[in-house]
Structure formats: C-alpha cells, structure tokens
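Enquirer: Here is how the chains run, residue by residue.
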Amino acid sequence: MVNLTIDGKQVEVDEGSTILQAAKKAGARVPTLCFHPVIEPYAACRVCVVEVAFRGKNDLLTSCNTKAEEGMDVRTASERALRARRLNVEMLLARAPAAEPLREIAKELGIEKTRFPVKDPDEKCILCGLCVRACEQIVGACAISFIERGTDRHVSTPFGEESEACIGCTACAHFCPTGAITVEDKYGRKVIHDEMYLGPTTAIRVPTRQAVPMVPFIDKEACIHFKTGECKVCAKVCDRDAVNHEMEDTIQEIEAGSIIIASGFKTFDARRIPAYGYGRFPNIITAMEFERLVNASGPTGGKVLLANGEEPKAVGIIHCVGSRDENYHAYCSRVCCMYSLKFAHLLGEKTKATIYDFYIDMRCFGKGYEEFYHRLLKEGTKFVRGRVSEITTLALTEKEEGKLIIRVEDTLLGAVRRIAVDMAILAVGMEPSIDHNRLAKTFNISCSQDTFFLERHPKLAPVSSFSDGIFLAGTCQGPKDIPDTVAQAGAAAAEALALADLGKVELEPITAVIDDKLCSGCQICVGLCPFTAITYKKDEGHSEINDALCKGCGTCVAACPSGASYQKHFRDEQIFAEIEGIFLI
Amino acid sequence: MAEKETQKTYRMHLMICAGTGCVSNHSYEVKEALEKELRKHGLENEVVVVPTGCNGFCERGPILVVQPGNIFYQQLSVKDVPHLVEEHFLKGRPVAKLMYSPPETKQPVPVLNDIPFFNKQVLIALRNRGLIDPEKIEESIAHDGYKAMVKALSEMKPEKIIAEITLSGLRGRGGAGFPTGLKWQLVRNAMSTNGGQKYIVCNGDEGDPGAFMDRSILEADPHSVIEGMVIGAKAIGATAGFIYVRNEYPLAVERLSIALKQARDYGLLGQDILGTGFDFDIQIKRGAGAFVCGEETALIASIEGRLGEPRPRPPYPAQSGLWGKPTCINNVETWANVPTIINRGAKWYAGIGTKTSKGTKVFSLVGKINNTGLVEVPMGITLREIIYDIGGGIPGGKAFKAVQTGGPSGGCIPKEKIDLPIDYESLSEAGSMMGSGGMVIMDEDTCMVDVARYFLTFTQDESCGKCTPCREGTKAMLEILTKITEGKGTPEDLTLLEDLAPAIKDTALCGLGKTAPNPVLTTLRYFRNEYETHIQNKKCPAHVCRPLNVYTIDPGLCLSQGHGCDVCRRNCSSEAIAGQKNEAHAIFQDKCIKCGVCYDVCAFGAVKVD
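Here the protein sequences come in this chain order: L and A.
Residue numbers for the first sequence, in our numbering: 710 to 1294.
Residue numbers for the second sequence, in our numbering: 5 to 614.
Read the hints as simulated data drawn from the structure, not as lab findings.
Do not rely on the hints blindly, as some may be mistaken.
[Claimed, not checked] Among the chain A residues that face chain L by a calculated CB cut under 8 Å, a handful are:
1. Gln464
2. Thr472
3. Gly477
4. Lys479
5. Leu504
6. Asp510
[Claimed, not checked] Residues of chain L clear of chain A, computed beta-carbon distances all greater than 10 Å:
7. Pro916
8. Cys1185
9. Asp1225
10. Glu1253
These numbers come from a predicted model, not from an experiment.
We treat Cβ as the ideally placed atom computed from N, Cα and C, and that holds for glycine.
Construct the complete structure from the given sequences, taking the supplied hints into account.
Expert: What follows is the structure, encoded as structure tokens:
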C-alpha cells in the first residue's frame, strides 16, 4: 500500500495505482479527456495535470499515468495546475469547439470563450487518440492511426483509403468521447467521417433485418478474436454475459418417431440460359435479386436503381426462365406468374418506368389471383405474350443505344418484336434443393420424373412417402406457393401427430424373412431392397430383415440365389400347394 | 591490398578535408586535381592525398593540411593546385597566399596550431579529425582506435568501467546532460525479462538547424563511436546495438556502414570479440528526419517501426526501452568521448572543465561570426573566448547582440552575459540550454522578436502533435509572434504570450515541447523592450520586420550624391517610386509594399528606413 496526500487529505492506495485513482479515492475531481479506464494512459491532452511535491521537487505531472508514490503531496487544484489546465483546455477549445465533454470541462474551469482563433466551429476531434488506441490495444486491428504531424495531425486509415485491416467493429466510435467518429451503415459497410470507408461488414451482426430468429451471430471469418485470440470486446461490454466465444458447431443425433422432410427448393441458375445475358450484362437481375433491391433494408433502401444509380425508364419482366422449357425443366414452377405480377405492381408504385411483362400463359389459379392480374392490366403494365428468345445489347437503332434489347415473338401480333429496356428481371423457376439427391438416398424416397420427391399417392396420400413415418412438406415434393406449402406442412404435421398419438405402428402382415441357416451372406438382397430393410450381420455371416421397414414387395425373395429369403404366407411350398389344389379340382 | 597500402610510406601526407561542407565545396575535385598533378611531377610515390573527416573550420573550406608540418591551406580550388604542387610539394616552398590570414593582422599563418580558431580548442570527441581517413580502420587503429575497447574487454570488469565513467563526470552531450555513468548503472541494474536482453543505442538524429557535430564525428571518426558503444555494451551487458542516424546524412551513413563492416572483418564486432567471449553487434537504423525522433522515447518508437512520437516517462528507457527491454541511449558525441576516458583515465578527464560539467563540448559556431565552423572547447570557457578568440568576432565591425545556444529549443543569451562560463548549469540558469551545441551568433542587425518567431516556426513545424500544449501552444505562440512582427500586435498578445510560454514549458509531454518556448521566454526576459517597441510604436528597431519599416528618400542626398540615378525606381516592383534621372526621387507610401529593394540597391545611402 502507498500513502500520499491529495489536497491535504491522506489517502492509502494499492501499489501501482495512479495519482488519478488516488485523487478519485480522495474525492478530488480531476478532469480528463484522453483517458479511458480500459486503455493504457496516453498523457496527451495534459488536462489532468496536478501539482506534485515529491523528493524536494515541485512538478506538474499528468495524473492519468503517473504512479502514486509514498509521501507524494498532490494538489489537484493549485494555482499553477489550474492555470496550465485552463490554458490547455482553452487551446483545445480553439481546435474542437463542438466537442461536448471539452465544453463541459471548460465550463467547469470557468472558461467562457477561447482566446485563440477558432478554425472550424463544427470540429469535434480533440486528437485524444482513444480511437487509435482502442483499435490497436483492444481490437488488435491497427486499422487507423494518426497521420501528419503538429496541427495537421488527424486520424485516418493508411493513405486515407478503405482499410482492409478494419473489421468494422466500430470500437473507434464507441471509445470516441466527443462523437467525432460516427458510424453509419451505408451500402453494407461502416462509414467513418465522409469518405473514410471501413471494412465490408461487422463481425457480429443480425443476418438480415427481417431475420428469424432476430438474434446476432459472430461471423468467425471476420471476428478478430478467431484470428488473433485477442479482443473479446463484445463479451466485455455485454452486461448479460450472452456472448460465448467457445460455442462450436455440433452434430446432434435425435431419436424420432417420424420425420417431416421440408428441404425446400433452389432457384434456377439463369446463367444456364446464355441467351438471356445474366451475368454478362449489367442490369439483368433475377427475381430474388429484385426482391432484395426493393426491400426497405436492402442496399439502396428500397429504391429501384440501375447499376449507375439512375432510375430505370423501362423494365422487362420475363416469365418461365428455366420452367416450361424442354431444354431445362418441362414443369411449370407455379409461383413465377404471381410474383412477376407483384413485381410489376411494385415497379409501378416505386418508379415511373414502362413495365413489360413477357409471358407464355398467365397462370393465376389461386384465390384472388385472377383479380390481381386484371388489376395489373388496368394499371398499364404492357403484357406481351410470347417466349423471349434473347436479351442483347446489340443496338440496331439509335434509340436502342445503351439499352437492353429484348427479342420476343409476340404470338398475339404474330410478329417478332425488339423491345428496349433498362432493366430485365428474370422470373427464375424452382428446382429441388442442392442436397436433394443425398436426402433421397438417406431417406429412401423415390423421385418423380421432374426430380422432386414422389409422394405415396397423388390423391390419397399426398404428404406421405413410401416409408411409414416419413412425410413430405413444401416444395421438396413439387413447386408450390406459400399457401399450398403451409397447407401441406399442416397436413404432414397432423399425420406425424396421429402416429405419435397412436403410440404404435401397424406393420405389414406380409413381410419377407431370411432363413439364416440357408443364407450364404452374399448380400445381393441388401442392395436390392428399396426400403433399406435388409442389413448384413457381419458377425453372424448372414443378412436380416427389419420387420418394421419391410413392405413385403418380394424383391429379395425373387433375387435370393439360395432360396433363403421367403415371403410370409407366400412361401414356395404354400404357393405350390395352392397350385396343386387348383389342379386337383 | 589494404595492408600493402598502409605499409607503404610517403614523405608527405596531404590531408584533404572530405567533410560534407568541404565536399560540397568540391574538395573531391581538388583531390583528383592534386593526384593528377602529383603524377605529372612523378611524386605519386612520395606524396599521398588522404581524404579526412571534417576539420571544423568549414568557413574556409576546402581545407588541406600538409603533414608533417601541419601546414594549413584553405579555400582551395582546382586552379590553385598546379602552383601549389610545384611550389610546395616539389620545391618545398609553402604557398603563403593559400594560407589563412586573420582579418585583424592580414598576416598569413602557416601552421594550423597557430591559428586562433584552432589553438584554443581541446580535442577529445573530435580527436582524430583531419588526421585519419575515416574509411580505413587501419588509420583509426594507428591513432589508438580500439585500444580502449581492448582494455575494457580484457582487463576491466563492467563495474570498473561504469565507475570510471562515473568518476570522469561525463554527462550526456545530447542536451539534457544526464550523468552517463549513472545512466549506465541504471541500465546495468535493470532487470530484463526473457533472456536478459539489453540494448545500446547511439542517438545520431541530429535535428537542430545549424548543428552538425554528430554528423562531423560520424563522418570523421566513426570508429570512435563504435568503440564507445562496445565499451558501453560491455559495461551494461548488452549484446545488440543500434545507431540511429538520419537519412539526410548520406555520407555519415556510408562511412558508418564501411566502418562497421571493417570492424566486423577485423573481429572487433560480432561474435566473441577479440577472443574475449563477448558478443556485440551494431545495426544502422536510418531515420526519416523528424526532429522529434531525437527524443529518446520517440527514437525508440521509430526504431521499433512505430509512429515516431514520444511517450510519457517513466518508465525510462533504462527500465523499459526498445521492445520493452532496458536500453541505454547516448548521443554520438557522448559515445565518442568514452574511449578517451578509458584510455587516459577518469581523473585526467575530470581535470578538464568546471565543477559540475567535465570534459569538452563540441559547438557549431554559426550566424554572424567570422569563423563559422565546428569547435571543441573545454567546459567553463566563456562565451567571449568562443566568439572573439575562436570565432574571430563579428564580421563587418558590427556589435555583438546575443547568442542563441541549444538549437531551436534553446534560448538567447544577451551581450551582458558574454562572460558567462559555458556549462550545463549556467546555461540553463540564463534561460537557455546546452542542447546539442548549436551556437547562433547574432549582431546588432538582428531583431529578437523575429529570431523567436524563426525558431518557433521550426518547433511548430516539427511538433509531432501528440500533446496539446506543444501542438496547439507552439502554433498559438507562432501566430502571436507573426502578428507582432507584422505590426498587428496588441498589449493583450504580450500577456497571452507570457501566459502561454511558461504553461507550455510546464505541461508539454516531451523535451521538444518543454523547451519550445525557450526562445520566447529568453527574448522576453532580455529583450522585452523590443517586443514593446514592436507593439506600441509599430517599429522594428533592427529594421528586420519589413512590414513595420517606413522607407523614405532623402531628396538632398539623392540629388547631390546620386544625381537621381533612378536605380531605385527601376527596381521597384510596385511602381511606388516617382522621379527621373537628375531629379530627386520620392516614395509613395500608399503604394510601397516594403520589400526593401530600394534600400538595398541605393549606392548612396539616400534611401532611409525607419
């Protein structure tokens, strides 16, 4: 422990404490600007100076970094200290007159106006360096620093350009005592000052503004902690202790009585139709991208803009991209017509653009859908019936210069038309999701011709698969819109519940059985069984059939070379006896 | 090859100065001409030309000293060479017209030691100046180079070395004057984590305008610094050293690199030096020229590759320096003093100088003085001796007014204190400081407000901007001083200046800021009346602050002496002068931009300034 005197008051503080800490303990107020308790002292603002009599010397020392020592006599508000403090505050006030904490200290010290010339009345930065130090010491990113010297000193990224080292953690703004650093989300990046762009994204974020569940997650790729082991600022500032850096991805095994597969769909990749120019020309976007564009939390804040930032004057919406097309998918994706109509409506609402809608047939089959189509007709959307053959930038007339030209055979007019637009939206169709085939294998589900999962019966069992207890819901079974998906999912859930409520499963009475005495363990049946009901028992050297899975199809019985597999009630002997009986009569 | 050359003997050595000053005055061309001319006369095996480091008498460069005999030739040019070679080196008749003649006597002084500039100097740090070729280690060794190092490494214990340095009373020559022995002891005692690594640093970041002693030492005798550092390393237990030298000193960097390589080749640096088992090596770190990097904590940051700005002390570098390890930082001149102390003993060294300041100090003598150059004088010598005896007085018969010591952050000492003995204490008592040893002499034509403004311009520009008082305060002081020199000063400005200066001195973070107000404080202390004249009468007594001057033409003089020569009118850029030939001229005050050209061009003294 160290004993010292602060303004005549005796205080005892821990070894290694600073004078500032001792002063606080003694109840003396020493103003600070460049000091922050979690960052190493910098002693740059010189506002915290106090007069210290120690070892026969009388000095002005900065209290934030000077260690308290035995026998020091500190005067926090001596005339000399106050004079120096006032002058430093006065000088800082000339630099950053808009800095609120500085103005408060100035008021406290009785400074009404600075005697020094003020350059910028809106300046807030007091050059305390807290942002620079937080970035270095707390975050470890070292993305910003001071550049230039003397009065030209200011905070910047290297060469004043967007810094790759910045992780957009916003610690700089958090530690800035005057609000000189403001962070703004602009086009998905953090912006400091005017043109000082920072990194692309923050390490902790909510995936999208409409995410469900609405909780933030840590992006390991961007998180400084997972790169350096440092930082953990988020855990320090979270007073609910909700941040956990140790959490790992895990694989969980859950025992379940029934399984509902709702693996969804993916959109058709428009690049597969080169004639539509997606990915080659700007301003050709897919339906999903348009959804993001018009979204209020999207990159443009919901404005429909071209790549150059201007508003389009003409927009074409092209139906059946990848659907109803022998070259890609013969089936109708069922949702594109309606969402295309919605886009046409939104475009009419948000822009003054002329809207063209290229369709083959307008499929408005649901409740209120046809009415919506009629509304659009009234709203002035120009519907062109015919499949678009090509989108090109090759202009034939001056009017087409710099536009996207949509070539289409208008089947109502019986003519090939060239329509120039600024933006083309491709109404891409639905495809089974990426790991659809793997799922099919895992769950032993058959697929129909269109590659979607095959239900047990299109009319009598539209949510069941061929395996008991495995149900299908949504677009994994076939393209459908949201109401249909919800309805099917409800049905699947009810089926699953019914099974659970029953508490038991009815088995097929007619299943196959393997006679282990005859089985040679050749495993031909294992590969053939469509229900994965047969397993080979390595230890015992023969195969065995799971009664609960076997549907009694008889494939294994027919295939077994040694006649070890037989169907209950349909053994060879029984059938032969029946045949014999017929002949006897 | 090198060995052969050193074994070869010549009857005559021509020591040509190859310091930066003389080199820029074409001393290398003179050297080539000499060699060519010697060959012409077939003397190349009898007479050799040796390039040496700076002689100090830069005013008179290029300089050639002929050995033996110590004959001093000055201000040589290529066209003097044929005559010189024929007369002196062939026929043995020294050439009087190329010798130095003091302005008072006009009598040529043939021998270097008889020249007043040299004969009052005591050479310790600059002991080998003009005597050796700095690019040949053999010549250094022949002049006792590395002798002290051998003694220190083989015969002395670290404690003994430190005791010797402490006893000698050597103090840091970088400016602050911290006792060197004590600093070494502190670093030696400092605990170092992991492996006990400690560092030695030589501070060669000489940033004062007008100071060039460090450069001169590094250029003239780099081995003395290397030797000093090895001795220091042994004393404190360091195994690695850095020489921080500014990149604006290319010649110093080059000669240092050569010296380090030669020392390594001779086994005087590196692993197991001279078989004593002591390892030590030195790296050169080149600074980018920021003045503040001469401050030790900023210098450390710069070596570490960080932003060159100071940090608060404590911890001092002796406890936590380079990469957090105990580090001993001394100035070039300090290191150069060390070998001589070890060689000749602390008692001998302590016998030179005053009670508190021992040994010698190198000063660069610049400004309004006859003998500009580098001088090494014993501590305690008076300003008068330096200015009048060594410096040869003020040119043009003008009166001495003040001397500014200690570089831009030093202070101005007025003529009343000309008998002040030079040591650390008396200088700081006078409000100035030893600094690195710059000495700017000012005559009666100097305006002290303008001088303060000039130095503030420098410190303001060199302030790193970390702490408020230095960054904002120097700028504020400069703005006030500029206002005053432009005639816009008010009495409140003077009050504010008097408020500012002590507060900056009191609260700045590092030495740069703490000393930056010194020029203002000392000029205010000794020349306050000049400030008042500027503010109240809007006049500059020395007529330096041109916006305050009023130029008039004495019509009588103009006509009677110059017959209206019209030169002033023709040279006036703002058409402010009326008149024609054979008529008296006059100045329109409303048009005059006070550039002073008319005053400068008038050959008859008809243009008056007030």
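Enquirer: Now, for every hint given, state plainly whether the structure supports it.
Expert: Checked hints:
no.	hint	in the structure
1	Gln464	holds, 6 Å
2	Thr472	holds, 5 Å
3	Gly477	holds, 6 Å
4	Lys479	holds, 5 Å
5	Leu504	holds, 7 Å
6	Asp510	holds, 5 Å
7	Pro916	holds, 38 Å
8	Cys1185	holds, 58 Å
9	Asp1225	holds, 71 Å
10	Glu1253	holds, 66 Å
Of the hints listed earlier, there is not a single one the structure fails to meet.
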